[in-house]
Amino acid sequence: MRHARTWVLVGWFIALLFCARVIVQTTFVADLSAFMPKMPTARQQLLVDQLRDGFITRLVMVGIEGGDATQRAQLSQQLAQALRKAPDFLAVQNGDAATRDRDQAYMFGNRYLLSPAVTPERFTAGGLRQAIGESLSALSGNAGMALKQLLPRDPTAETLAILEQFAGESQPATQAGAWASRDGQRAILLLQTRADGADLDAQSAAIEHVRQAFDAIPGRTAATRLVMSGAGVFSVASRARVEHEVMRLGLAGMVLVIALLLPVYRSVGLLLLGLLPVLTGALVGITAVSLGFGQVHGLTLGFGTTLIGEAVDYSIYTFIQHGGGHGSSGFWRTIRLGVMTSVAGFGALLFSGFPGLSQLGLYSISGLVAAALVTRYVLPLLMPAQLRLRDLSGVGRWNRGSSAWAAMRGCCCCCWPAPSPWSRGTTTRSGIASCPRSAPSPARSRSWTPRCEATSARWTCATSPASRRPTSSRRCVAPKRPARSCAASSRVASWAASIRRRPPSPAWTRNAAGRRPCRASRTCAPPSTRRWPACRSVPRNWRGSSPTRRRRDSGRP
Amino acid sequence: VANHRFPFLRLLAAAGALVAMTSAARAQDLQLPELMRLLAVQKSARATFVERKSIGLLDKPVDSSGELSFTAPDRLEKRTLSPRPESLVLEGDRLTIETQARKLTISLQSHPEAAAFVESIRGTLAGDLGALEKFYAPELSGRVERWTLQLVPRQPEMLKIVTRIRFEGSQSAVHLIVFEQADGDRSEMQIKPVAVP
Chain A
1 MRHARTWVLV GWFIALLFCA RVIVQTTFVA DLSAFMPKMP TARQQLLVDQ LRDGFITRLV
61 MVGIEGGDAT QRAQLSQQLA QALRKAPDFL AVQNGDAATR DRDQAYMFGN RYLLSPAVTP
121 ERFTAGGLRQ AIGESLSALS GNAGMALKQL LPRDPTAETL AILEQFAGES QPATQAGAWA
181 SRDGQRAILL LQTRADGADL DAQSAAIEHV RQAFDAIPGR TAATRLVMSG AGVFSVASRA
241 RVEHEVMRLG LAGMVLVIAL LLPVYRSVGL LLLGLLPVLT GALVGITAVS LGFGQVHGLT
301 LGFGTTLIGE AVDYSIYTFI QHGGGHGSSG FWRTIRLGVM TSVAGFGALL FSGFPGLSQL
361 GLYSISGLVA AALVTRYVLP LLMPAQLRLR DLSGVGRWNR GSSAWAAMRG CCCCCWPAPS
421 PWSRGTTTRS GIASCPRSAP SPARSRSWTP RCEATSARWT CATSPASRRP TSSRRCVAPK
481 RPARSCAASS RVASWAASIR RRPPSPAWTR NAAGRRPCRA SRTCAPPSTR RWPACRSVPR
541 NWRGSSPTRR RRDSGRP
Chain B
558 VANHRFPFLR LLAAAGALVA MTSAARAQDL QLPELMRLLA VQKSARATFV ERKSIGLLDK
618 PVDSSGELSF TAPDRLEKRT LSPRPESLVL EGDRLTIETQ ARKLTISLQS HPEAAAFVES
678 IRGTLAGDLG ALEKFYAPEL SGRVERWTLQ LVPRQPEMLK IVTRIRFEGS QSAVHLIVFE
738 QADGDRSEMQ IKPVAVP
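Residue numbers (the numbering used here), protein chains in the order written: chain A, 1 to 557; chain B, 558 to 754.
Read the hints as simulated data drawn from the structure, not as lab findings. Glycine residues also receive a C-beta, built at the ideal position from the N, C-alpha and C atoms. Do not take every clue at face value.
[Stated by the list, open to error] Going by beta-carbon spacing under 10 Å, a handful of chain A positions derived as facing chain B:
| # | residue |
| --- | --- |
| 1 | Ala4 |
| 2 | Gly11 |
| 3 | Ser140 |
| 4 | Lys148 |
| 5 | Glu169 |
| 6 | Ala173 |
| 7 | Gly184 |
| 8 | Gly324 |
Chain B with its partners taken away, still in its complex shape:
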């Protein structure tokens, strides 16, 4: 009889343990609003980056490197130093691209594709869930020490270019941004935070 009863208790205990474990695991899982709050706390950040583009047309990837800086709420600067200097400054609605030859300023309002593209980075860094959800369907996994945020474009036009954008990070720091393009090409940007003096 006892034998008959024990397995049941054991099952119960096992189930209880499982529930406990699951809920414990769930407690450790990071939620999207929580991550956004975490990211929003950081008002400014500086980092260096190494970007590697894998293009099907070329037999080896193209590398570039430089500096990134972000100042809340809406200023993002990407300064490429090598192989050729170039700067991209996003401030409010204005995107300024400056190369050695020329300078071009465009309004994001007039260029929705560009807006979608840059908003993915800026929205994430600023912890602006509204801006992200306007263009993307976000999906978060992992714990706070190591999380992964995947963005899938909502607009069909955008989907023809970019199929997925992946962010990896820990706590409030982003370590990796990966753009996966519709034609199979991808670009990976490794980011190393620099302590703000």
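With the rest of the complex left out, here is chain A:
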């Protein structure tokens, strides 16, 4: 037995090491191409390529604000000069004359290679006559005096044919020799990064580089400042925000979970132990995706880990079961069924046409199976022989006297959004605050009432026994509340939750004595176990929706 235990632990440890080794060499990607079709059409492929490394995704727009136009233009020139030396950027443009002249010289030098008008026919006698004739008649136009310089060297006007392809309807405004925004309040530079738009680390580095270069400009006045925009800038900013949010919310979630589990487990070690299945599952999931797909998408990681988060429950069940000293055969059968249904569900994802979804399927399946196996075989070996778990079933009574809980409930009651008839009596876990306080208008009651009856324990809506009256006579009747209305005992709440899962039975509404009939053994377990509220816990003063009571309450809002 001891031998077997050692082998299981060693096997688990080796598996973890293997996973770690694979994960270290794994590439994590974040671009959306994984969520594009696996077999793209030419058009889709073009889109994907453009999304990944198209000009727009590599474009960083830089603005310099503050100061006067001359200062801004000078800063623009200095910044451009600094950035042109940097390897991060393929092109730095700010509309300066030197670059413009160089570009024009390049176009002119290569006019016969680049011109769309160059065809074999163009260089026949007829073609040349026509082309030169056009050039001559262009001289009569407004631009004639400028074009005449071009005529001797480019009689067929190929340079113009090239430029016409690029020329838009308008051109960027220029101030003091540098591009400026339309309102003239900002100098503009356009940068093209060398890295793909999807390479957020490189984009982030490039953006940082621009900032540093701007800060390092000598003699810059404090009034001037740098602003940036572009796909890469957005991506980097949104990633930073997402990371921040994830960190914050994750921390809050963790604190809440620990605050909940620690009082129950009464041991930090056990708490950490409970995380082992999920952690192992995540590692195995990443490894499987990495081996299967060659890379792991960030979204797979995010969503997948959420999906296999249910494995946390496996360890909780195990601890509770173990702590309760119950036999485990039936328990494992339940877990196994749960894992199998999840695997079957996620299995469908494997056959998706989108690689990202397939990754998600593989990640979830392998992660869940690994987590279940660790729960089944590793966790029992690491658990202390005796667990001193706090009895959860006493929570209701326990918290009734606890001022902290009362305060929290008070908060819940106050902070919950004001209920409206439109909310259709959506029940919250407390079953109290969200139920409509005022009776819905007759016009709406038809759609509202059945739902309310089915989901809320506090409002019982039924057709009056005189029964087949018009719809407007249907009423919603509130059962009388226990004395502490807002901070009502959670036993009522949990009991309400338990009956909510069951459809209302005719016997139940007919029960004039106000006692709920004990029928399902699951909800009415023997009082000793206290895992579910016993029938006795029904408030004494609750009378159900007897006809008499309904008549009496009919005027009640």
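Using the hints provided, position chain B relative to the given structure of chain A.
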């Protein structure tokens, strides 16, 4: 003695007459502010034009013709009808050039050379001396019935392209605009006013 005195008187008389004549001639000479006031009065005008460009590279001049219209304070339109249709509209700071193939809008603020070029015509037609003097040194000669306004660019960059712009006109009407280019080429635009309906 009398003989001795008369030549002096005659000289005096001649001098007086000369002074009188000179001052009379000066009274007839048009002054620049006066011309500008005269031009500024006209709020809108339409005309046809014939433009002849003499380009050294070509053995004969290139002609074009079309319509001009001006609406004070700052809208100038030159619509070329032949040999190929083209329109040039200057409105405020925006210069729009439209040919059959494309349309291009540029901001004069961004293109100082273009601004100098078009401001010579618009400034003259609008009677805006400030705008003219910003780019040119104006020089006026002639009388109100027939005056000549010469503009010499102030900016060295502009001087490399255009050495002189000459306007000829009578009263508040401009009849001729001549651009003399640095390379010896010139363009002459004959303008015939059209009565505004």
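Consistency of the hints with the structure:
Checking Ala4 of chain A against chain B: minimum C-beta separation of about 83 Å lies over 10 Å; hint violated. Because the beta carbon of Gly11 of chain A sits about 73 Å from the nearest beta carbon in chain B, more than 10 Å, this interface hint is broken. Proximity of Ser140 of chain A to chain B holds as hinted, the smallest CB-CB distance being about 4 Å (cut-off 10 Å). A distance limit of 10 Å between C-beta atoms decides the matter here; for Lys148 of chain A the minimum to chain B is near 5 Å, and the interface restraint holds.
Taking 10 Å as the C-beta contact cut-off toward chain B, the hint placing Glu169 of chain A at the interface holds, the least distance being around 6 Å. The beta carbon of Ala173 of chain A is positioned within 10 Å of a beta carbon in chain B (closest approach about 5 Å), and the interface hint is therefore held. Hint status for Gly184 of chain A relative to chain B: holds, with the closest Cβ pair at about 8 Å, below 10 Å. Annotation: interface hint on Gly324 of chain A violated; nearest CB of chain B at approximately 81 Å, more than 10 Å.
Hint compliance for this structure: hints 1, 2 and 8 are broken, all remaining hints hold.
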